[in-house]
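Participant: Let the hints inform the model, and build the full structure from the sequences given.
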Amino acid sequence: MKGAKIHDPIVPMPPVQSPYGPPVDKITMRAYQLPGIVSVRFTDLFPEFPQPIYPDRSGNKNIKIIRELAEDRLRRVDMSMIKSNDSINILGSHHGFTLFGDGAPYAEMLKTIRDIIIERTGAKDIRLRVGVGLRHKEADMWIKYFKLDEYFGKGRARGIAPLDPGIPVDTEIGTLYVLRDAFDAKWIVHAHNSDVREVHFHRHIDRAVKPFAMSYARLETRATYHFNFGPRTANIVARAIFESPFVQSKYTFSSFIVPSPEGIVTVDADNNLYALNDRITLHNFRTYGKIMTLYTKLKDFIVVLDFSGPIPYQFAGGVIFANFSSNVDLFDLDVEFPGYTWYSEMFYDELGHPMSPRINPVHPGIKAIVINLAWGGYPSVFWSQQVPTIIVGEHMAEVLRRDSQNREFLRHAVVADDLPTAMEFAYKFAKTDKVIIFDGAAGGINVSKSLAEEMLELAPKVSEEVDNVRIPKWCKQRGMDCEAIKNSEKYKEWYENIRR
Amino acid sequence: MVGIVNEIPRVDPNKCIGCTICGSVCPTAAISVVNRKAVVDYSRCTGCRACFERCPEDAITMEKLPKPRLIQYKIREDDPENLKKIDELCRRAGLHPEQIICFCTGTRAKEVAQAILDGVKTIEDLAALVGVRSGCKVECMEPIQRLYEAAGIKPERKPFMWNGKPMQGYQWYWNIVYTFRIPEKVKVKYEKFGYRFSDDERVITEIVEQEWEKIKEAKNINRSLSK
Numbered sequence: 001m002k003g004a005k006i007h008d009p010i011v012p013m014p015p016v017q018s019p020y021g022p023p024v025d026k027i028t029m030r031a032y033q034l035p036g037i038v039s040v041r042f043t044d045l046f047p048e049f050p051q052p053i054y055p056d057r058s059g060n061k062n063i064k065i066i067r068e069l070a071e072d073r074l075r076r077v078d079m080s081m082i083k084s085n086d087s088i089n090i091l092g093s094h095h096g097f098t099l100f101g102d103g104a105p106y107a108e109m110l111k112t113i114r115d116i117i118i119e120r121t122g123a124k125d126i127r128l129r130v131g132v133g134l135r136h137k138e139a140d141m142w143i144k145y146f147k148l149d150e151y152f153g154k155g156r157a158r159g160i161a162p163l164d165p166g167i168p169v170d171t172e173i174g175t176l177y178v179l180r181d182a183f184d185a186k187w188i189v190h191a192h193n194s195d196v197r198e199v200h201f202h203r204h205i206d207r208a209v210k211p212f213a214m215s216y217a218r219l220e221t222r223a224t225y226h227f228n229f230g231p232r233t234a235n236i237v238a239r240a241i242f243e244s245p246f247v248q249s250k251y252t253f254s255s256f257i258v259p260s261p262e263g264i265v266t267v268d269a270d271n272n273l274y275a276l277n278d279r280i281t282l283h284n285f286r287t288y289g290k291i292m293t294l295y296t297k298l299k300d301f302i303v304v305l306d307f308s309g310p311i312p313y314q315f316a317g318g319v320i321f322a323n324f325s326s327n328v329d330l331f332d333l334d335v336e337f338p339g340y341t342w343y344s345e346m347f348y349d350e351l352g353h354p355m356s357p358r359i360n361p362v363h364p365g366i367k368a369i370v371i372n373l374a375w376g377g378y379p380s381v382f383w384s385q386q387v388p389t390i391i392v393g394e395h396m397a398e399v400l401r402r403d404s405q406n407r408e409f410l411r412h413a414v415v416a417d418d419l420p421t422a423m424e425f426a427y428k429f430a431k432t433d434k435v436i437i438f439d440g441a442a443g444g445i446n447v448s449k450s451l452a453e454e455m456l457e458l459a460p461k462v463s464e465e466v467d468n469v470r471i472p473k474w475c476k477q478r479g480m481d482c483e484a485i486k487n488s489e490k491y492k493e494w495y496e497n498i499r500r
Numbered sequence: 001m002v003g004i005v006n007e008i009p010r011v012d013p014n015k016c017i018g019c020t021i022c023g024s025v026c027p028t029a030a031i032s033v034v035n036r037k038a039v040v041d042y043s044r045c046t047g048c049r050a051c052f053e054r055c056p057e058d059a060i061t062m063e064k065l066p067k068p069r070l071i072q073y074k075i076r077e078d079d080p081e082n083l084k085k086i087d088e089l090c091r092r093a094g095l096h097p098e099q100i101i102c103f104c105t106g107t108r109a110k111e112v113a114q115a116i117l118d119g120v121k122t123i124e125d126l127a128a129l130v131g132v133r134s135g136c137k138v139e140c141m142e143p144i145q146r147l148y149e150a151a152g153i154k155p156e157r158k159p160f161m162w163n164g165k166p167m168q169g170y171q172w173y174w175n176i177v178y179t180f181r182i183p184e185k186v187k188v189k190y191e192k193f194g195y196r197f198s199d200d201e202r203v204i205t206e207i208v209e210q211e212w213e214k215i216k217e218a219k220n221i222n223r224s225l226s227k
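Residue numbers (this note's numbering), protein chains in the order written: chain A, 1 to 500; chain B, 1 to 227.
No lab work stands behind these hints: they were computed from the structure. Do not take every clue at face value.
Listed next, the stretches of chain A that the computed footprint assigns to chain B, with coverage defined by at least 3 CB atoms under 8 Å from CB atoms of chain B [said to hold, decoys possible]:
#: 1; region: 21–28
#: 2; region: 87–95
#: 3; region: 227–234
#: 4; region: 398–404
#: 5; region: 456–468
Under the rule of at most 20 Å between Cα atoms (straight-line distance), these lysine to any residue pairs were calculated in the SDA-like manner [said to hold, decoys possible]:
#: 6; chain 1: B; residue 1: Lys-185; chain 2: A; residue 2: Thr-175
#: 7; chain 1: A; residue 1: Lys-147; chain 2: B; residue 2: Val-34
#: 8; chain 1: A; residue 1: Lys-250; chain 2: A; residue 2: Glu-48
#: 9; chain 1: B; residue 1: Lys-189; chain 2: A; residue 2: Asp-481
#: 10; chain 1: A; residue 1: Lys-137; chain 2: B; residue 2: Glu-57
#: 11; chain 1: B; residue 1: Lys-187; chain 2: A; residue 2: Asp-334
#: 12; chain 1: B; residue 1: Lys-165; chain 2: B; residue 2: Val-34
#: 13; chain 1: A; residue 1: Lys-144; chain 2: B; residue 2: Pro-56
#: 14; chain 1: A; residue 1: Lys-137; chain 2: A; residue 2: Lys-147
#: 15; chain 1: A; residue 1: Lys-461; chain 2: A; residue 2: Glu-48
#: 16; chain 1: A; residue 1: Lys-137; chain 2: A; residue 2: Thr-121
#: 17; chain 1: A; residue 1: Lys-473; chain 2: A; residue 2: Glu-350
#: 18; chain 1: B; residue 1: Lys-64; chain 2: A; residue 2: Glu-398
#: 19; chain 1: B; residue 1: Lys-154; chain 2: A; residue 2: Asp-149
#: 20; chain 1: A; residue 1: Lys-147; chain 2: B; residue 2: Glu-57
#: 21; chain 1: A; residue 1: Lys-476; chain 2: A; residue 2: Asn-271
#: 22; chain 1: A; residue 1: Lys-111; chain 2: A; residue 2: Ile-63
#: 23; chain 1: B; residue 1: Lys-67; chain 2: A; residue 2: Ala-275
#: 24; chain 1: A; residue 1: Lys-428; chain 2: A; residue 2: Ala-413
#: 25; chain 1: B; residue 1: Lys-74; chain 2: A; residue 2: Glu-350
#: 26; chain 1: A; residue 1: Lys-486; chain 2: A; residue 2: Ala-275
#: 27; chain 1: B; residue 1: Lys-192; chain 2: A; residue 2: Lys-461
#: 28; chain 1: A; residue 1: Lys-137; chain 2: B; residue 2: Lys-165
#: 29; chain 1: B; residue 1: Lys-67; chain 2: A; residue 2: Glu-394
#: 30; chain 1: A; residue 1: Lys-154; chain 2: B; residue 2: Glu-57
#: 31; chain 1: A; residue 1: Lys-449; chain 2: A; residue 2: Ile-63
#: 32; chain 1: B; residue 1: Lys-67; chain 2: A; residue 2: Lys-147
#: 33; chain 1: B; residue 1: Lys-187; chain 2: B; residue 2: Trp-174
The structure displayed is predicted, hence computed values, not measured ones. For every residue, glycine included, the Cβ atom is placed at its ideal position computed from N, Cα and C.
Facilitator: Set out below in structure tokens:
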């Protein structure tokens with residue numbers, strides 16, 4: 001122990017071998033092992049946060065509790081529409097496997113959905129279809145990693161990608177294309193994760209429906225979302241697909257793994273996706289809203305990326321680097337263009353300058369980025385263009401050099417031999433000793449002692465500001481009566497259950 | 001923009017079953033299937049990895065090129081009439097000519113507009129010549145379609161060859177859903193949930209128009225953004 005509220009660093013999950021990342025045996029040192037790295041815990045930053053169940057505050061990982069909660073929730077949803085000879089596609093996403101770098105809870109939820117459908121309906125033709133982002137093999141990788149192909153049976157579990165065959169769907173906003181194989185069963189189950197994740201795109205308007213325009217959708221639909229609307233309207237594409245007669249004719253219920261920035265807190269399931277959306281929205285405002293507000297107040301530090309995922313999807317305190325670098329109140333719908341989102345990046349000129357003063361800059365506190373471990377498979381040149389970037393080792397440089405989505409990355413970055421050398425250089429030119437590590441650690445955040453102290457000092461005021469000023473505004477902007485949601489029996493039961 | 005091709009696919013004929021998925025997803029129609037084996041036309045291949053990533057048999061590996069190949073489509077900057085046409089085409093598509101339309105390669109609207117004006121008729125040829133769709137293969141699809149539509153062209157999907165016969169893949173579907181075109185009643189219906197249709201349309205239009213005005217002033221060209 002380093003002091004009452006300054007703790008030893010948290011050991012993150014080990015690197016995952018992937019076609020998109022470096023050979024894991026080349027990662028000889030993790031950032032939490034650097035001298036001077038400590039951790040700051042959510043119990044000290046925001047003691048009002050609900051207690052996580054996986055891992056719990058002692059660091060224990062009991063997967064049985066995930067199954068018990070999922071069984072309980074799934075036994076309470078209506079499955080009467082499913083007959084014993086019906087086919088069902090459980091629709092998942094790669095995202096669920098990346099929470100805190102540990103996909104076991106999400107994999108357990110997927111298995112439990114299958115088992116409870118069988119138990120309650122007698123149906124046997126249950127398939128798993130897992131969507132991806134822009135790493136078109138990733139879902140199959142996770143399916144094998146968690147042996148879901150064995151669990152669901154031969155040929156019943158497989159990845160689906162935006163390049164796969166599509167089918168047109170009539171929606172209120174026009175015809176959009178979804179993935180044929182996502183919807184090739186009589187019924188679908190929507191199995192997702194509730195963390196805010198790409199809030200720089202969906203802005204937490206109908207967050208729970210987003211995969212209908214992403215994981216389950218064709219490439220044209222995803223491009224429509226990211227190019228043909230705007231920084232506060234894109235998620236209408238997802239809602240329009242979800243509300244289409246075609247999808248509604250197949251939809252049964254949703255099941256979500258629910259994290260807070262600290263760890264997994266519960267499983268939720270409901271036939272009414274919008275009711276589930278209300279619960280997770282309020283929960284996310286009360287938890288992610290606080291750590292993300294705190295992040296925008298930090299000054300002058302070095303970011304170390306050290307996680308098995310692409311650059312924007314690296315986690316610190318449950319928040320992805322894309323959100324962190326956006327540096328605005330992403331929940332506030334008066335904010336037009338975050339520091340990072342494709343609706344902002346598209347308006348940068350050839351010299352790397354925003355084409356309008358409306359475009360907010362990348363978090364000005366980030367003085368350097370050090371990449372110790374990251375995957376390719378997501379266009380990320382923007383960050384190396386905007387922030388001085390050091391890549392650790394040729395093995396990591398080669399990942400980005402060969403990645404078809406990051407061919408220009410190395411034109412804007414330098415390569416250091418090892419992590420200590422990279423940090424030594426970063427400390428010199430960034431002129432700060434403050435460090436935050438994106439390594440997916442659960443329970444807290446690995447940081448330098450100086451940044452831990454800054455965060456601990458800021459947190460109480462942030463908590464008060466979010467509770468009293470920001471949440472009422474965020475709710476009002478979305479037409480949500482948050483007091484009514486908070487006082488509803490279902491939310492109270494749900495939140496009390498979270499705290500058990 | 002200069003596209004850099006660092007690696008190319010190699011097909012293992014012992015693993016390839018001739019399923020045609022690689023040909024169906026290849027953005028440049030560079031893959032044909034001959035005697036149940038995939039064959040790559042490297043003169044068209046941009047190393048995008050689509051074939052590698054969707055091959056169900058893991059029969060394709062990506063091999064690093066000893067020397068990167070560059071893809072560059074030049075804009076005729078010295079021809080004011082040409083620049084005016086590029087600007088007008090982008091304007092009709094609701095895009096700023098300097099706007100990035102491919103985040104993987106940094107390709108801008110003006111480069112795709114130039115290629116379309118030069119007569120590049122298919123999206124597969126556009127991908128091979130300009131370098132779009134050579135990264136994620138996903139996000140640039142809509143601005144490309146909007147530019148073709150603005151040029152009055154509905155491109156045909158270029159078939160790939162299967163034992164010498166043309167076969168249709170599913171590289172893309174013609175599909176444009178655009179905020180400026182959705183019914184007003186739909187916008188009104190959803191604005192209460194937080195969607196800011198009118199605000200977003202206004203701010204994006206203002207960015208484009210503001211920049212258009214700057215260019216107009218600098219080049220003495222008369223133009224304005226139309227929806």
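Participant: Against this structure, judge whether each hint is valid.
Facilitator: Here is how each hint holds up against the structure:
With a threshold of 8 Å between beta carbons, the proposed coverage of the region 21–28 of chain A by chain B is violated, since 0 of its residues qualify and at least three are required. Counting residues of the region 87–95 of chain A whose C-beta lies closer than 8 Å to any C-beta of chain B gives 0; at least three are required, and the coverage claim is violated. Three residues within the 8 Å Cβ limit are the bar, and the region 227–234 of chain A against chain B gives 7, so the coverage statement holds. Check on the region 398–404 of chain A: 3 of its residues sit with their Cβ under 8 Å from a Cβ of chain B, so the three-residue criterion for coverage holds.
Under the rule that three or more residues need a Cβ within less than 8 Å of chain B, the assignment of the region 456–468 of chain A is violated, with 0 such residues. A hinted pair counts as satisfied when its Cα atoms are at most 20 Å apart, and B/Lys-185 with A/Thr-175 qualifies at roughly 17 Å. The straight-line distance between the Cα atoms of A/Lys-147 and B/Val-34 is roughly 35 Å, outside the 20 Å bound, and the hint therefore fails. With a C-alpha separation of about 39 Å, the suggested pairing of A/Lys-250 with A/Glu-48 is violated against the 20 Å cut-off.
Taken as a hint, the B/Lys-189 and A/Asp-481 pair is honoured in the structure, with Cα atoms around 18 Å apart against an allowance of 20 Å. Restraint check for A/Lys-137 and B/Glu-57: satisfied, since their Cα atoms lie roughly 12 Å apart, inside the 20 Å limit. Note on B/Lys-187 and A/Asp-334: the hinted pairing holds, with a Cα-Cα distance of about 18 Å set against a maximum of 20 Å. A distance of roughly 10 Å separates the Cα atoms of B/Lys-165 and B/Val-34; the hinted pair therefore holds under the 20 Å criterion.
Using a Cα cut-off of 20 Å, the hinted pair A/Lys-144 and B/Pro-56 holds, with the two alpha carbons roughly 14 Å apart. Distance hint between A/Lys-137 and A/Lys-147 is fulfilled; the C-alpha atoms sit about 16 Å from each other, no more than 20 Å. Between the alpha carbons of A/Lys-461 and A/Glu-48 the distance comes to roughly 13 Å, so the proposed pair stays at or under 20 Å and holds. Between A/Lys-137 and A/Thr-121 the alpha-carbon distance is near 32 Å, which puts this suggested pair outside the 20 Å criterion.
With a CA separation close to 37 Å, the supplied pair A/Lys-473 and A/Glu-350 exceeds the 20 Å bound. With a C-alpha separation of about 10 Å, the suggested pair B/Lys-64 and A/Glu-398 falls inside the 20 Å cut-off, and the hint holds. For the hint linking B/Lys-154 to A/Asp-149, the alpha-carbon distance of about 41 Å lies beyond 20 Å, and the restraint is violated. Our distance criterion of 20 Å between C-alpha atoms is met by A/Lys-147 and B/Glu-57, whose separation comes to about 18 Å.
For the given pair, A/Lys-476 sits about 25 Å from A/Asn-271 by alpha-carbon distance, which is inconsistent with the 20 Å threshold. A distance of roughly 12 Å separates the Cα atoms of A/Lys-111 and A/Ile-63; the hinted pair therefore holds under the 20 Å criterion. The suggested pairing of B/Lys-67 with A/Ala-275 is violated, with an alpha-carbon distance near 55 Å, which exceeds 20 Å. A C-alpha spacing of about 16 Å is found between A/Lys-428 and A/Ala-413, which places the hinted pair at or below 20 Å, so the restraint holds.
Our distance criterion of 20 Å between C-alpha atoms is met by B/Lys-74 and A/Glu-350, whose separation comes to about 15 Å. A distance of roughly 12 Å separates the Cα atoms of A/Lys-486 and A/Ala-275; the hinted pair therefore holds under the 20 Å criterion. A threshold of 20 Å between alpha carbons decides the hint, and for B/Lys-192 with A/Lys-461 the separation of about 31 Å lies outside it, so the pair is violated. Annotation: proposed proximity of A/Lys-137 to B/Lys-165 is violated, straight-line Cα distance about 29 Å (limit 20 Å).
Between the alpha carbons of B/Lys-67 and A/Glu-394 the distance comes to roughly 17 Å, so the proposed pair stays at or under 20 Å and holds. Restraint check for A/Lys-154 and B/Glu-57: the C-alpha separation of about 15 Å stays at or below 20 Å, so the hint holds. Of the pairs offered as hints, the one joining A/Lys-449 and A/Ile-63 is violated, with about 33 Å between alpha carbons and a cut-off of 20 Å exceeded. For the proposed pair B/Lys-67 and A/Lys-147, the alpha carbon gap of about 40 Å is over 20 Å, so the pair is violated.
About 24 Å separates the Cα atoms of B/Lys-187 and B/Trp-174, which puts this hinted pair outside 20 Å; it is violated.
Going down the numbered hints, you'll see the structure goes against 1, 2, 5, 7, 8, 16, 17, 19, 21, 23, 27, 28, 31, 32, 33, while the others check out.
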